[in-house]
Amino acid sequence: MRPPAAKPLVATTTSSSSSYNQHEPRPENPLLLLASSRAAKLSLGCPLLDRLLSGGLPAASVTEIAGESASGKTQICLQLALLAPLSPLSSSSLFLCSDLPFPLRRLRLLAPKSHPDLLDHVFVAAVHSPSDLLSLLSRAQHHLSHPTHSPHRLPTRVILLDSIASLFRADFDASPADLKRRTGLFFKISAKLKELAYRHKCVVVVTNQVVDVVEGNTGNTMAWSSGRQVSPALGLSWANCVNTRLFLTREVGSDGGSTRRHMKVAFAPHLPERACEFVIRRDGVFGVEPAQR
Amino acid sequence: MKNEIQESVGILKADKGANKFKGAEEPSGVLKGAQNAWDMLSEEQLQKHISTGSSDLNGILGGGIHCKEVTEIGGVPGVGKTQLGIQLAINVQIPMDYGGLGGKAVYIDTEGSFMVERVYQIAEGCISDIMEYFPYHHDKSSSGQGNLQPERFLAGIYYFRICSYTEQIAVINYLEKFLGEHKDVRIVIIDSVTFHFRQDFDDLALRTRVLSGLSLKLMKLSKTYNLAVVLLNQVTTKFTEGSFQLTLALGDSWSHSCTNRLILYWKGNERCAYLDKSPSLPVASTPYAVTSKGVRDAATPNCKRVRIM
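Protein chains in written order, with our numbering: chain A, 14 to 306; chain B, 130 to 438.
FYI, nobody ran anything at the bench for these hints, they're computed from the structure. Be careful, since some hints might not be right.
To be verified - Mimicking BS3-like on lysine-lysine, the simulated pairs with C-alpha atoms at most 30 Å apart in a straight line are:
# : chain 1 : residue 1 : chain 2 : residue 2
1 : B       : K346      : A       : K201
2 : B       : K367      : A       : K205
3 : B       : K367      : A       : K201
Please model the entire structure based on the sequences and the hints provided.
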C-alpha cells in the first residue's frame, strides 16, 4: 500500500512566481479557492445538522461550540473525531483536552462496530494551562509541516479543543492587569489556531462553557438555556477570536419533563442565524425535524 | 451682496476655463500642486461613492463609502463588519454602465472570516439586483451580459491572508508597489485591522508607533491612488466614567487618523449603523439588514426572529 502523498503547504505569502519577487506578499484569487472551500467541510454525520451549517464545519476557520455542561459539546467533538477519517477530508484528529479526564469510554462507545480502527486516528493530548496550549500548538505546527509518511497515518486536519474556558479558570484573578494578560492570551491562542487552520487547511473546533448574564445583552451574545439567560464564557474579547459561534441550548418542554435541545448559529460569516433541534443518543448527536419528537 | 458673489463666481469660472486651454496638468494656483477650492469641489462631486448595498446606509454616508478617504467600521462580532466588507469588495466592481466604479478590490484578511462561498452568494445577490434595476440595459450592451457573472466578481478581488502583525506590516508596505501596478483597484479593505495587535506586546509605545505609521501610510495611499480604504475593527469594553463602555479596539493609539468612522451595533434584534465621525456629514444612525443577498435596507420594523429549520 502506497503511503499517502504529502499534502503540499498551502501557498503562503512567500511563494515564488514569475512576476512576483520571492519575498513579496502574493495575492490569491478567490475564484480558485471556491471549489476547494466547498469540498473542505467536515460533516457532522447528520444531514439536518449539515444543512444548518451549509455542509459542515469549514476548514481554515475556528468554530466555537458553546453550551452548558451536558449540552452535547464533548459528544459532538468525539463524534467529529470519529467521522474525520471516513469523510472526504480523510484526516486524523488532534483532541486537546483540558476538561480532564478524557472521556475514553464514551469515545469507545461511539465508535461503530464496523470500523474499530477509527480510534487509531484520534490523538489526545492533555492541556493544563494557556502556556501549555501554546507550546502544544507550536509542536503541532512543526509536526504538521513535516508529516511522517506511513501507510496508516492520515494527515491531521481536525483540531478539537475541549474546552477553552477550563484553561482560564485558575491562575487569573479579577485585577485589571490579570484581565489584560488573559485577553492578550486569547488573541495569541486564537492567532495560532487560525494560522494552523489556514496553513494546513484544518477544521478547528473549540468548546466553551456558558455563564449566567444578569442584564439582557442585545443581539447574538445570549440565549435562554435551562430557564436562565446565559452567554458564552470569556466575554467579548474571546468572542472576537472565533469565526463561527454555535450555541447549544436546552429547554424543558412545555409538556413537562421532556428536554428539547437546539443548535443555534449565533454568528458565522457564511451562515444565516437559524437553529436546528437535535437529540443526544447513544450513537451520537443527530438533528431532528421540528415535527418529529 | 448678490452681485459681488456672482462676480466672484464668474471670476473663478473664467479662471477655470482659462486653465482648460493651457492643459489639464497645469496647476492653477501660485504654488505648484495647489488646487483652488472650486476645482476641489468639482472633483469631489465627480468622485463616485461605493454603495454599501443599503440605500439607508448610503444615505447617512453621503452616497456611500468615499474614495480618497479612510473609513473605519467597528462593531461586535456577528453584527456584520465582514459582510459589509465583502459587500463593498463586490460593489466596487459594479460596471460603470450600471452606475458603479468598475474597479477591483484588495481584501486583506487577518482573521480568516472571508468565506469564499459567501462572497459568491453576495456576488449573485448583487447581479440579481442589477438585472432587476436595469432590465433592458444588459440586452443592449454587447459585453454587459458577459461581465455580470459571479465568477468575474470573485476574480476581481485580490485576496491577501495574513497570519501575524509582521505579515500585516509587510502587506501594507507592499501595497504601494502593488497599487502602482494595478491601477484599477478602487478599494482596500482590511478585516480586521487590530486583531494581530491585541496580543501582549512588550513595548506598547512601539505598537502605537507601528499602528500610527500604518494608518498614515494607508491615508496616503488612498489619496495617491484615489481609492477608498476601509478598516474593519473590533470592539472592546473599557471602564470609563464608572461603567463599562463599548469602544473600538486600540482606539487611543491610532483611531484618530481615520477620516470617517461608522459604528455597527445591535438595537434589540435589529442591526443599526451610526456615523460617528465625518468631515462633512452630521452624525446619524440607520437600521440595516444582512440578508442572503448581502447587506440591504432593513426590511420591516419587526424584529428578525431566529428561523427554526
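Evaluated hints:
Taking the CA atoms of B:K346 and A:K201, the gap is near 26 Å; set against the 30 Å cutoff, the hint holds. Taken as a hint, the B:K367 and A:K205 pair is honoured in the structure, with Cα atoms around 26 Å apart against an allowance of 30 Å. Simply put, B:K367 and A:K201 have alpha-carbon atoms about 20 Å apart, close enough for the 30 Å limit, and the pair holds.
Violated hints are absent here; each numbered hint is respected by the structure.
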